[in-house]
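Those protein sequence lines, which keep their order, are chains L and H. Residue numbers are given in the numbering used here: position 288 of the first sequence equals residue 288, and the series is strictly consecutive. Residue numbers are given in the numbering used here: position 295 of the second sequence equals residue 295, and the series is strictly consecutive.
Incorrect hints may appear among the rest.
[To be verified] According to the in silico footprint, chain H covers these stretches of chain L (three or more CB under 8 Å from chain H):
id, segment
1, 225 to 234
2, 250 to 257
[To be verified] Pair ranges (Cβ atoms, derived):
id, chain 1, residue 1, chain 2, residue 2, range
3, L, Ser-99, H, Leu-135, 30 to 38 Å
4, H, Thr-207, L, Ser-99, 47 to 55 Å
5, H, Ser-28, L, Leu-103, 22 to 30 Å
6, H, Pro-96, L, Val-119, 42 to 50 Å
7, L, Asp-43, H, Arg-201, 51 to 59 Å
Treat the hints as calculated values from the structure; they're not laboratory data. If you're wondering where the values come from, they're calculated on a predicted model, not measured in any experiment. Think of the CB as a built atom: it goes at the ideal place given N, C-alpha and C, for glycine as much as any other residue.
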Amino acid sequence: MSAERTKKRSMAVEIWQRLLRNKMAMLGLVILVALALSAVFADVIADYDTKVVAQNISERLQGPSAAHWFGTDEFGRDIFARIVHGGRVSLVVGLISVSVSLLVGGSLGAFAGFYGGRVDNVIMRVMDVFLAVPSILLAITIVAALGTNLVNVMLAIGVSNTPNFARIVRAAVMGVKDQEFVESARAIGTSNTEIIFREILPNCMAPIIVQSTLSVASAILSTASLSFIGLGVQPPDPEWGAMLSSGRNFLRDAMHLTLFPGLAIVVTILALNLLGDGLRDALDPRLKQ
Amino acid sequence: MHKYVIKRLLMLIPVIVGVSFLVFFIMSLAPGDTARMILGDDAPIEAVEALREELGLNDPVLVRYAHYMLDLLHGDLGTSYKSNRPVFSEIAARFPATFRLSFWGMLFAVALSIPIGIISATRQYSIADSISMVLALLGVATPNFWLGLMLIIAFSLNLRWFPSGGAEGWKSLVLPVITLGTGCMANITRTTRSSMLEVIRQDYIRTAKAKGVSHSKVINKHALKNALIPVVTVIGLQFGALLGGAVLTEAVFAWPGLGTYLVNSIKAKDTPAVLGCVIIFSICFSIVNLGVDLLYAYIDPRIKSKYK
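One chain only, chain H, in its complex shape (with noise of 0.2 Å):
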């Protein structure tokens, strides 16, 4: 088990390192003189060609990823065009904000979609299976900053419930929780409940109930962990798409993390900070597929005897 570990763990460097140069490839694309943006327009010439030298923007594409990542080696994501401050400490800043938007975004989707998507395939075609189909393709249907916006209108601006914005106290969570977990949780919902579809009528469930093993156990016991291996990998895949729904879900909310920052600094032209606010979710987005992978093992003892 610890080579799989540190086998996957290795294979997440050239993903890095992939990752880092497709972004800073794309990056590089921009048309514009970026030392003439940060002087100004009015800024002399000479001045303006100092700073192109000084940032090293005359050498080819290939030699100013190298230093970005040697650079990147010791912490360093360069600096911003628009704060002048360290870009690794201002997303140092706003990444709890972020990481707890996600992880209570998806414990929200995660602990609601699964025991639905039990009771639906436990239960298939009754209403209360139906009602949860009809809900899970609205939720997945529904983009989550639209979402954001009617919870708005209705638990802040009419019942005053919650706050519309910031991120003061655990009141400021609910709203922006529901709007990045719901489109999740509809996904995982559909995929639990066909998966669980797919194993309740499997022969040794079958033998189980008529060994006498009481209803709860053989859904909880013998269905539910073996269906369980395309949730977690839906759970895993939804995570890119939650830390996508992070960037609007921030936006509408004003959340004070990573995504509002990404934004801003897309508007403000300031690459350095583009560049590294996808990267550190990209790299986000790469652990937790790692952790996904990890997860199969500790659930499919298969894969786990495979490693040890």
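This is chain L alone, in the form it adopts within the complex (with noise of 0.2 Å):
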């Protein structure tokens, strides 16, 4: 026992010393903390009340300055401010949607992949039908017909993402289903639900943990893009893509109103994407030697 519990606590160090040579991946996570503190400690950095919502029209469209570090927009909000905030609208419903996508897809796939034949073919086929559909398109419909709120934008991105890691954890667990220690815990009469859970799913962390890296990025661009067309987060509260629709009617005379929320959005799916590549090639058995 003691001895597997070394092997597991090397193998993560191992993938973490890979990791740590990466130096864009390290870049990737530097920032996603960076962006996570500033999201956990946002009311700290500024205040939501004042700040974020209060309006304050002798000081409307100002640019960057010391006082207002990106400016200010339309009713004289703080923009540096509405952007932290914003982060932790685009952090949250990033992480919540893609739990919803990881935990409905994967079990699914992972029933698909361990089951294989009817299981299999009625799962996936149901997936290949939601794949027909644009993930985007389908977020906006279920928004559409459910109505524009932020528990409605996460479960509209999480099911729009849920195929993807139904495939992904399918692919995983067929290529371990096989191996000698699930057929020994077959043997000892484990259940087939604890088999999936317990012995096979840990063993396919590797492309789950990427797909969920990138799923991230993804979800934090389709809110920012929901909201941008008035789906998603709707104003006075912040969120990066609700920032860029309503600064678009100032592009000529402030464009920083649409410059630094966009840059935020960058900023964010780029350090995620390069943390997800980092953690791929750390994860691959293939990349070891």
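Mind assembling these two chains? They're in different frames, but the hints should get you there.
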């Protein structure tokens, strides 16, 4: 038991060391940690009621300055403060929607891969139907039907990403399910559900981790897209896509309204993609030597 | 080969039935009374009831879906609540604009990404490789609607080279096409590079070089054809992103296509129009995926020989 634990720890250490050697992945990780900290301490950085939502018309459309690093918007609100609080929304939506896809898609994929045959056929044909609708359009349809609020946005993005997780987990489970440790678990009478969740899935974590990281990026992008066309976070709450949408009315005279929220999205997605790519390299056994 | 094409065409039918049911079911979850929404809050209850009956809103979802599918088979996508015109003709009027945008967007992406990917792979770790990979990373991370706004600021408001909206003349096509194609271009470039890198290390490439075949012939004839399968797969997948991206690009440039119609229909809670748009987009995506599968057979003789 302790030998197994040591082996597991040494695997994790090995992966971490491989990740440490990847400069781009570390850059992504550092940016993400900074973003996560700013989201957690958003209220300490800028007060929500006075700086993020309260209007101050006398300071409207000011350019970047020492008082307002990223300038102010059409209602005199501090754009930096709104971006910091918007980051909280983006990260929360990203994480929760990916958890939804992981939970639903991952379970479906695991059952499909493990049982095969008719179960696999039914689950994957249903997933094929979901995949036939471009994911952002599926999210748009769900939000359009259920109504525009944050919970529906998370649900919509979660559902639209579900088939990708189902496919990836299914493929990973199929690669593992015939190995000896699964056979021995079966031999000592372990139930199928326990075999799937206790034995197989922990051995399929590499593709799941990579897909999750990259999916958070696409979920953040989808949230911003939905808000940009008026289907996501509603004003006056701050969200990067919604900020871009209102800023487009001031492109000529106050481009900072669109520049900074857009940069926030680019930096976040870039960081997640760099980390996702780095994780893929670190977890890929072919690169071990 | 004909068998393969027919088989793949037949496989489209369950997908279209499934997609239409999925979208129909999701839209049926919408809260609120459609008949009341059409007639307004002041309409008498009898009129609302009569309209509910007329539209079949009192029927169960499955019955309504069956009616919808029967109509769809006759090319009838229902009547728009907003304009009172057939959704099919509304979509048909806007489809060419979206098709034009998507076609040029994809052409722009493919025409640039494949040569850049090849150059990157053949000159791995050179400055050209580093620059193109940084740009590709940025391209993947940049939301197309933001890129569109930045292009409008630079080339429309400041330099005044291109219009910031509308769809008149080739000039109006330039900024939307770059906006729409950049994300796809970045993804295809990355795939072309990694696929080429894998192929140019194969023994048959070394053999071709050892035989004295010229560098350009080795790359363009021996390597590229073998590296194309994953690239074609990504192009097919990117088409889905491109259609979704078209909705946002059209919103930025006030492009008079299906995307703008979809967004306006959502805002007006025009369910038949939303349903029609999503179904048409999905059918287009499925047809492109069919095209990609057929292209595999064209590129890879091993696949073709299976169906002879």
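Checked hints:
1. Only residues whose beta carbon comes within less than 8 Å of a beta carbon in chain H count, and the segment 225 to 234 of chain L has 5; three or more means the coverage holds.
2. Only residues whose C-beta sits within less than 8 Å of a C-beta in chain H count toward coverage, and the segment 250 to 257 of chain L has 3 of them, enough to reach three; the restraint holds.
3. Checked against the hint of 30 to 38 Å, the pair Ser-99 of chain L and Leu-135 of chain H passes, with Cβ atoms roughly 33 Å apart.
4. Checked against the hint of 47 to 55 Å, the pair Thr-207 of chain H and Ser-99 of chain L passes, with Cβ atoms roughly 50 Å apart.
5. Between Ser-28 of chain H and Leu-103 of chain L the C-beta distance comes to about 25 Å, which sits within the given range of 22 to 30 Å.
6. For the pair Pro-96 of chain H and Val-119 of chain L, the beta carbons lie near 44 Å from each other, so the given range of 42 to 50 Å is met.
7. At about 53 Å, the beta-carbon gap between Asp-43 of chain L and Arg-201 of chain H stays in the expected band of 51 to 59 Å.
Checked against the numbered hints given earlier, the structure satisfies every one of them.
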